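Given the coordinates of chain U, assemble chain S onto it according to the supplied hints.
There are 2 protein chains.
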Amino acid sequence: MNGFVAAHRAEVSTAAGRIRPHIRRTATLTTDLDPDLRLKPECFQVTGSFKPRGAFNAVLSQMAREPRPIGVIAVSSGNHAQAVALAARTAGIPALLLIPEDANPAKVAATRALGAEVIQEGITFANREQRLLEVMGDRGFSLVHPFDDWDVIHGQGTAAMELLEDVPQLDVIATPVGGGGLLSGTAIVAKSHNPNIKVIGVEPANADDAYQSWKAGNIRSLGAAPSTIADGVRTTAIGARNFEVMFANELVDEIVTVTEDEIATGVRVAWTRLHIALEPTGALPLAAYLAGKFPKGSTGLILSGGNSNFETMAKLLGTR
Amino acid sequence: MNGFVAAHRAEVSTAAGRIRPHIRRTATLTTDLDPDLRLKPECFQVTGSFKPRGAFNAVLSQMAREPRPIGVIAVSSGNHAQAVALAARTAGIPALLLIPEDANPAKVAATRALGAEVIQEGITFANREQRLLEVMGDRGFSLVHPFDDWDVIHGQGTAAMELLEDVPQLDVIATPVGGGGLLSGTAIVAKSHNPNIKVIGVEPANADDAYQSWKAGNIRSLGAAPSTIADGVRTTAIGARNFEVMFANELVDEIVTVTEDEIATGVRVAWTRLHIALEPTGALPLAAYLAGKFPKGSTGLILSGGNSNFETMAKLLGTR
Chain U
7 MNGFVAAHRA EVSTAAGRIR PHIRRTATLT TDLDPDLRLK PECFQVTGSF KPRGAFNAVL
67 SQMAREPRPI GVIAVSSGNH AQAVALAART AGIPALLLIP EDANPAKVAA TRALGAEVIQ
127 EGITFANREQ RLLEVMGDRG FSLVHPFDDW DVIHGQGTAA MELLEDVPQL DVIATPVGGG
187 GLLSGTAIVA KSHNPNIKVI GVEPANADDA YQSWKAGNIR SLGAAPSTIA DGVRTTAIGA
247 RNFEVMFANE LVDEIVTVTE DEIATGVRVA WTRLHIALEP TGALPLAAYL AGKFPKGSTG
307 LILSGGNSNF ETMAKLLGTR
Chain S
7 MNGFVAAHRA EVSTAAGRIR PHIRRTATLT TDLDPDLRLK PECFQVTGSF KPRGAFNAVL
67 SQMAREPRPI GVIAVSSGNH AQAVALAART AGIPALLLIP EDANPAKVAA TRALGAEVIQ
127 EGITFANREQ RLLEVMGDRG FSLVHPFDDW DVIHGQGTAA MELLEDVPQL DVIATPVGGG
187 GLLSGTAIVA KSHNPNIKVI GVEPANADDA YQSWKAGNIR SLGAAPSTIA DGVRTTAIGA
247 RNFEVMFANE LVDEIVTVTE DEIATGVRVA WTRLHIALEP TGALPLAAYL AGKFPKGSTG
307 LILSGGNSNF ETMAKLLGTR
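The listed protein sequences derive, respectively, from chains U and S. Using our numbering, you'd call the opening residue of the first sequence number 7 and step up by one each time. Using our numbering, you'd call the opening residue of the second sequence number 7 and step up by one each time.
Read the hints as simulated data drawn from the structure, not as lab findings. A quick note: this is a predicted structure, and the numbers were derived from the prediction, not measured. One thing to keep in mind: the hints can contain errors.
Restraint ranges, calculated between C-beta atoms of paired labels, are given here [stated by the list, open to error]:
1. L228(U) - D40(S): 37 to 43 Å
2. A119(U) - D267(S): 20 to 26 Å
3. N202(S) - R134(U): 51 to 57 Å
4. R95(U) - D177(S): 25 to 31 Å
5. A119(U) - E123(S): 49 to 55 Å
All C-beta atoms, glycine included, are put in the ideal place defined by N, C-alpha and C.
Okay, chain U solo, but in the shape it has when bound:
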């Protein structure tokens, strides 16, 4: 293990201790599909996704540094928003979330229910980063970036740490990849556990910026917000720290893409055969596994969340 991996792996252990009182140690499941398959269903995590692992580590780490933040701010239309709201409430500081106007009202309500202030007026997918900088300047709140942040990466790595505690002999480990927070943390943990584990990120073919960045050897951005039912990975580019972990240090072996039909099949198999109500983003690794896109061997899939849009679910169920 090189020094880079070892240092970051130690930070994942520190994160695990820091967040333990606030998150669930989710179970590892076996299935009737394949005796070689192990699932880490983070839909059963607090707030329904893996995001609180990183958000708690980031907020609690910031609270332990000087100057202590007077509040935290984040941009998200989805699971990161709820995670930051919960972590801030737990830490006893205000949270401000910028959520695009066209976001799912149920997720906005869930974020508000966790005590966060939400600004939606005038926020779009396109202008949200610019508006974030303006509001941060006004308020003096501290940013909790959804993926390009070491504390977040270390927190997200705790899911793979638990999975490998439960199943030490994995040959393959796969996660969704959007900005790369979960995949970076997973890669650090998996490669420090066993350099021969294949670490694979899965993204929609319609949002293949990580695939392009892997092939090109530098960060590539999508020109516009991609169209995919996997709405948790619509980020247009991975982060600089994520690129450093995944590709510059070659801790990720492969990025696999899946079609919208393959994602829909993954969701349906999850619901009907595995009885896990995943959101499309959470089903990405399962979709790639079912499509035969992984190497053989003992395979662990981190299923990232379950907060599906109700209408999407009904549509997927009704149009088999």
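Just chain S, lined up with the frame of chain U:
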């Protein structure tokens, strides 16, 4: 603990050892709904329901007795069929399932895929018991009753045994009740663990024969097959052994009924908030909990299965 309870509790432990190589020890889950709630999601069990616990115990027990069965037979349109098929295949003997003609084709296919012979021609919900006796006489196969069988009751008790290993301090434990196999096994285990635990069975108001039997102090039958979306508990009467455990020995404290709307709410909350894809029958205890029908305290719900009819689920999710 009286002798009746102690003797049957010992049989549950024996059953647990017997079936351990063949079933999953399902996880106990916590939720964001209520810190007092614990879930035992048997939808993650082999074949997607709790039924293999009893079926394996019955088939393996029969194989250890003389004369050894030359095959096993059962009547079921649902989860018991798949469980018996799998247990027989594991034991290396043929299984014959009588399944009503109007059963869900997916469940029939799943039963055949497990190597069982299926007879559907001329089988109806009304005549199935009579046809069973005729076919048993023809073939000389041994019956695996879905609930009125001590081996089945002891096997089903292993779910509550695991739940109480994980959460010893439960105040309330609830399961669905159809024929009473799961509830009987649960009651034996719970009352031997702590006589003060409230043991509650939940059934649809549209199929309230267990409620009527509890109130009357003797077994009451529904006049016809009840109409309920909880198709796993459409049995018209509980069994004699189940009555003996649950009501004659007073090991069950209460039978609670839920409306079809309450069941639908239970399914939707399971899918959208808990991210567990339950079948309506599996959601019965959650439905009663959400409707405020349980006493206060630390509460364990045994969620019996996840093999939903796809069209039912689409309808439930699409018509909120």
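Among all the numbered hints in the text so far, which are the ones the structure does not match? none
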